[in-house]
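Q: Assemble chain F onto chain E, guided by the hints.
There are 2 protein chains.
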Amino acid sequence: MTPYHQLKKIFKKISHLQYLQRILMWDESVMMPIGSGNHRASAIATLNSTIQKMLINKKVKKLIELARHTENFDEWNLANFNWMDKQNKLAASIPTKLNEKMTKASLLAEQAWRQLRAKNDWQNFLPYLEKSFEIVKEYADRRSQVLNLSLYDVLIDEYAPGFNQTSIDNIFSELKNAILPLIQKILIKQENETVNQSIGAFPIEKQKLLGLQLMKALGFDFQHGRLDESHHPFSSGGPLDARITTRYREDDFFPAIFGICHETGHALYEQGLPKQWLNQPVGKVNSMAMHESQSLLIEMEVCCSFSFFEFLTPLLCEQFGQQDAFTSENLYKLVTKVRPSLIRVDADEVTYPLHVILRYELEKELFSGKISIKDLPARWDELMVQYLGVSTKENYKDGVMQDVHWPSGAFGYFPAYTLGRLIASQIFSTFKNFHPGFEQQIRMGDFQLLNNWLRENVYSRGSLLSVDDLLTKITGNSLKIEHFIEHIKNRYLT
Amino acid sequence: MTPYHQLKKIFKKISHLQYLQRILMWDESVMMPIGSGNHRASAIATLNSTIQKMLINKKVKKLIELARHTENFDEWNLANFNWMDKQNKLAASIPTKLNEKMTKASLLAEQAWRQLRAKNDWQNFLPYLEKSFEIVKEYADRRSQVLNLSLYDVLIDEYAPGFNQTSIDNIFSELKNAILPLIQKILIKQENETVNQSIGAFPIEKQKLLGLQLMKALGFDFQHGRLDESHHPFSSGGPLDARITTRYREDDFFPAIFGICHETGHALYEQGLPKQWLNQPVGKVNSMAMHESQSLLIEMEVCCSFSFFEFLTPLLCEQFGQQDAFTSENLYKLVTKVRPSLIRVDADEVTYPLHVILRYELEKELFSGKISIKDLPARWDELMVQYLGVSTKENYKDGVMQDVHWPSGAFGYFPAYTLGRLIASQIFSTFKNFHPGFEQQIRMGDFQLLNNWLRENVYSRGSLLSVDDLLTKITGNSLKIEHFIEHIKNRYLT
Chain E
1 MTPYHQLKKI
11 FKKISHLQYL
21 QRILMWDESV
31 MMPIGSGNHR
41 ASAIATLNST
51 IQKMLINKKV
61 KKLIELARHT
71 ENFDEWNLAN
81 FNWMDKQNKL
91 AASIPTKLNE
101 KMTKASLLAE
111 QAWRQLRAKN
121 DWQNFLPYLE
131 KSFEIVKEYA
141 DRRSQVLNLS
151 LYDVLIDEYA
161 PGFNQTSIDN
171 IFSELKNAIL
181 PLIQKILIKQ
191 ENETVNQSIG
201 AFPIEKQKLL
211 GLQLMKALGF
221 DFQHGRLDES
231 HHPFSSGGPL
241 DARITTRYRE
251 DDFFPAIFGI
261 CHETGHALYE
271 QGLPKQWLNQ
281 PVGKVNSMAM
291 HESQSLLIEM
301 EVCCSFSFFE
311 FLTPLLCEQF
321 GQQDAFTSEN
331 LYKLVTKVRP
341 SLIRVDADEV
351 TYPLHVILRY
361 ELEKELFSGK
371 ISIKDLPARW
381 DELMVQYLGV
391 STKENYKDGV
401 MQDVHWPSGA
411 FGYFPAYTLG
421 RLIASQIFST
431 FKNFHPGFEQ
441 QIRMGDFQLL
451 NNWLRENVYS
461 RGSLLSVDDL
471 LTKITGNSLK
481 IEHFIEHIKN
491 RYLT
Chain F
1 MTPYHQLKKI
11 FKKISHLQYL
21 QRILMWDESV
31 MMPIGSGNHR
41 ASAIATLNST
51 IQKMLINKKV
61 KKLIELARHT
71 ENFDEWNLAN
81 FNWMDKQNKL
91 AASIPTKLNE
101 KMTKASLLAE
111 QAWRQLRAKN
121 DWQNFLPYLE
131 KSFEIVKEYA
141 DRRSQVLNLS
151 LYDVLIDEYA
161 PGFNQTSIDN
171 IFSELKNAIL
181 PLIQKILIKQ
191 ENETVNQSIG
201 AFPIEKQKLL
211 GLQLMKALGF
221 DFQHGRLDES
231 HHPFSSGGPL
241 DARITTRYRE
251 DDFFPAIFGI
261 CHETGHALYE
271 QGLPKQWLNQ
281 PVGKVNSMAM
291 HESQSLLIEM
301 EVCCSFSFFE
311 FLTPLLCEQF
321 GQQDAFTSEN
331 LYKLVTKVRP
341 SLIRVDADEV
351 TYPLHVILRY
361 ELEKELFSGK
371 ISIKDLPARW
381 DELMVQYLGV
391 STKENYKDGV
401 MQDVHWPSGA
411 FGYFPAYTLG
421 RLIASQIFST
431 FKNFHPGFEQ
441 QIRMGDFQLL
451 NNWLRENVYS
461 RGSLLSVDDL
471 LTKITGNSLK
481 IEHFIEHIKN
491 RYLT
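If you read the protein sequences in the order shown, they are chains E and F.
Here the working numbering is used: the first residue of the first sequence is 1, the next is one more, and so on.
Here the working numbering is used: the first residue of the second sequence is 1, the next is one more, and so on.
The following block holds chain E by itself, in its conformation from the complex (with noise of 0.2 Å):
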C-alpha cells in the first residue's frame, strides 16, 4: 500500500465518526431527553478529541510527507490530498485539550440558549457567551499561526474558504450601498398592496405531509434520508443519510414549509456528492458558503418564485381546503411582503442581508477588540435602528439572543449566509440562461433539470475547487452582487 492509499484508509475512518458524529448532532437536537445533555457534552467531546487525535496522529504526517515526494496525483486526488494536509495542519494546531474545552462549551452553551432565550435573559446568557468567545479566540489564535491569517480571517476561512475580511468588506459595502435604497422603493411601492392572510388552524400532520411532497418534488431520496421537527430547521447526517428538519406552527404554514424548502437544499447537495468520494475530504461539500448556496437557490430562487406557487396552491387546497388566500398571486405577495423586522430567520429576502452585514459588523469589532461581549446589545440596537429603523432594547430575545450561533462557537459564520445568497443568484441566473423556459417546469412542479444540472455542476464537483475556482467554471465570474440585485429588482420592482 503506498503512503497516500494508507492515508485514504484512515480518512476513510476519520470520515466514518465524523458521519457518526453529525448523525449524533442531529439526534442531540431531535431526539436527545434534555437531562441528558451534560452527559452527552462529555461523550461528543471525547468523540471529538478521539477524531482530532486520529487526524493529528505522528503517522498522519509522516504519511503525508512521503506521499508528496512519491504520489503522482490526478486533479481530484491532488485536491483530496491537499485537504488532507490542510486538515492535519489545522487540527496539529489545535491542542486536544482546547478542542475537548471547545465541544463541551459549545454544547453546554447551546443547551443554556435554549433555556435562556425564552426566558429573555440577557445577564445568565452573558457568562456562556463570554466563555464561548474567549475559547473561539484561543482556537483562531492557534489556526492563524498556521494559516497566517487574522483571528477573524482564520473564522471566515472556515467557513467561505478564499474569502477574508477585506474581501467581504468590498462584497458588503457594495451590497448594503445597493440594497438600502431598494428597500425604501420596495417600501412604497407595496404600501398600498393589499393582501389576504391566510387563516384557521393548519394540523400538523398535514404540513408534515405537504412537506413530504415538496420533497419527492425537488428530489430528495427518502431511500436516504428523513424529515423530523426540531427547536430551529438544520440539516445534518450526510450523503447515504440525509436528515433535515423544521418546525410547525399551527396557525400558520409557511414557517415549517419554507424551512422544508431550505433544508432540502441543502440535502441535495449532501445526496449529490461524488459517491466515489464518499469517504475522503474531497468528496464533502465545498464549503457552508457554498451549502449554504444551494438550500438559498432551492428556497428563495426557486420556491418563492410566482411560478413555484402556480404549483404550490393546489397542493395546499388539498391539504387545507380552499380560501380566499389560497391564489398563487395573493399568497407570492405575502411572500414577497418586505417589512423590516427583528429576527433574521424570519426576515424577508430584501432585508435579510442586512441581517448579516449587522452581524459582521459586530464580530469585527468584537475581534477587533473595539467592543467587548458585554457591548453587544446597545451597539446591535444601534446598528438594527440605523440599517432597519426597528429597536431591539431590553428585548435580548429577539436581538442578540436570537441565534444559536455564537453560542455555539460559530463565530464568523454569519457572512457565510449573504456569500451564499450572492452565490445562489450568480448560478441560478447561468442555469436560466441555459434553460430559460425553465419556469414551465416549476409550474408544473418538474424540478428534474434543474437537479440534473446543479448535480453535474455544483454537487458532484465536491470540494474539488475553491469557492471562487467553482464559481467561476460554472458562471464564468468571480463573486459579483448583480445577479443579486437584478432579481431583487426583478421580482420586487417590476
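Treat the hints as calculated values from the structure; they're not laboratory data.
Please read all numbers here as calculations on a predicted model, not as lab measurements.
Honestly, I wouldn't trust all of these hints.
[To be verified] DSS-like cross-link-like pairs, simulated, lysine-lysine; straight-line CA separation at most 27 Å: (1) E:K97 - F:K61; (2) E:K86 - E:K104; (3) E:K13 - F:K53; (4) F:K58 - E:K61; (5) F:K12 - E:K53; (6) F:K104 - E:K13; (7) F:K62 - E:K97.
A: Relative to the frame of chain E, chain F by itself:
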C-alpha cells in the same frame, strides 16, 4: 495521578463512546433510513474498533500491572479494577480485523434478516447465518484462550457470567422436568374456561398514551429517557438516556403494553445504576441475565398479576371505552391463558422456558459439532414437536428465523432469558416476604416501595458482585427453580 486514576480516565472515555454506540444502535433500529444500512455498518465497525483500540492500548496493560501492585483498593474500586483487567484481557484476545468483520457482518445479517424473515426465505438467509456462526466461533475461540473455557461456555460467560454449560444443564433439566407436567395440568384446568377477547381497533396514539402512563407509574424518569417504536421492542442508551421501544398493532393492545412494561423494567435498572460510578465498568448493569431478570420481574411478576389488572382496567376503559372484555378478571384470564405456540416472544410465561431450552439445546449441538447451521430447521421442528407439540415445518419465519439473536451474532444469549426469569421470581419472592401487603399497592398503581427496594438491593449495586453473589446477598440463596415453580403453581393452578 496514580496509575489507577489514569485507568479511570481512560475507561471514562471508553464509556463515553460506548454510550454513543448504544444511541447509534437505537438510531439504526428506530430512525435510520433504509438505504444507509451498509454505510452505517462500516461506520459502526470503525467506532467499535476505535473503542477496542483504546481498551487494548499497551499503556492500559502497563497501568493495570502498576495499579495492581501499588493501589490499596476498597471493595468498589477493587471490583472496578477487576473489570478493567478482564475487559482489557478479553479485548486483547480479539484481533482488530476480526472485531471489525464481526461488527459489520452482524449488522448486515441483521438487516438481511429483517427482509428475508418477512419472505420466509431460509435459503437466502442461510449463508448470512453460517457466516455469523463462523465468526462467532472464531471469536469464542480467541476468548477461550484467555478465559480457559470451552467455546460455548465463553459465550455463556458473556451474558451470564459465572454460569456454564454444566450448571445450566442442571438447572434447565430440573426446570424442564418440572414444567412439562405442569403445562398438562394447566391446559386441562383452562380447557373449559371461557374468556372474552377484547375487540375493536385500538388507535396507536392511545396505546402510546397508556404506555406512557404506565411507564410513569412504574417510575420511569422521562427527563432521562424516552419511548419509541421499532420492529422489535428493545432498550438501549444508558443510565442518563434510557431509550425503550415497543411495537403497535391496531387490533390488539397487549403486545405494545407488555413490550413497554418489559422494557421499562430494563430502563429502571439502567436509571437506578450508581451515578457515582456512571462511566466506570463497575457502574454498569451486572450482566444480561440480571438485566433480563429486572425486565421480567416488572413484566411477569408485577404487570401480569391480578392486582395489576385492577389498576390497569380503568385506564384501558379511559383510553378505549368500556367493553365486555374489560374486567380485571377477564383480562387476567386472557393474559394467563397457556397455549403452546410457535413464537418465543409471544409465548405465555409457562411455555416460554421451553422455547429457550430448545434454543439452548440447539446451540450446544452446534458448538459440539453434532449439527451444522443447515440442519437447524429440521432439528428445530423435531424439538418443537417434542416440547410443545407444534410443528414449524417449512415455516421458517415462525421457526428458526424468528429471532434476531443468531444473525446478529448473539449465540449463547438465550439462556440469560430463562436464568433471568428464575432470578426474577427468586428476588420478587424475597421482596414479598419483606412486604407482604404489596399487592394492595399494585392495585393502587403505586410502585414506589418496590422501586426503592430494587434500587437499593439490585440497581445501585451495579457490577459490584457476580450474579451468584448478588443473588445470594439479596435472597440468601444461590439460584433455585423453586420460586418460579411456586409462582406458576400459585398463578395457574390455585
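Q: Would you mind marking each hint as holding or not holding in the structure?
A: We went through each hint and held it up to the structure:
no., hint, result
1, E:K97 - F:K61, "holds, 24 Å"
2, E:K86 - E:K104, "holds, 24 Å"
3, E:K13 - F:K53, "holds, 13 Å"
4, F:K58 - E:K61, "holds, 22 Å"
5, F:K12 - E:K53, "holds, 17 Å"
6, F:K104 - E:K13, "holds, 14 Å"
7, F:K62 - E:K97, "holds, 24 Å"
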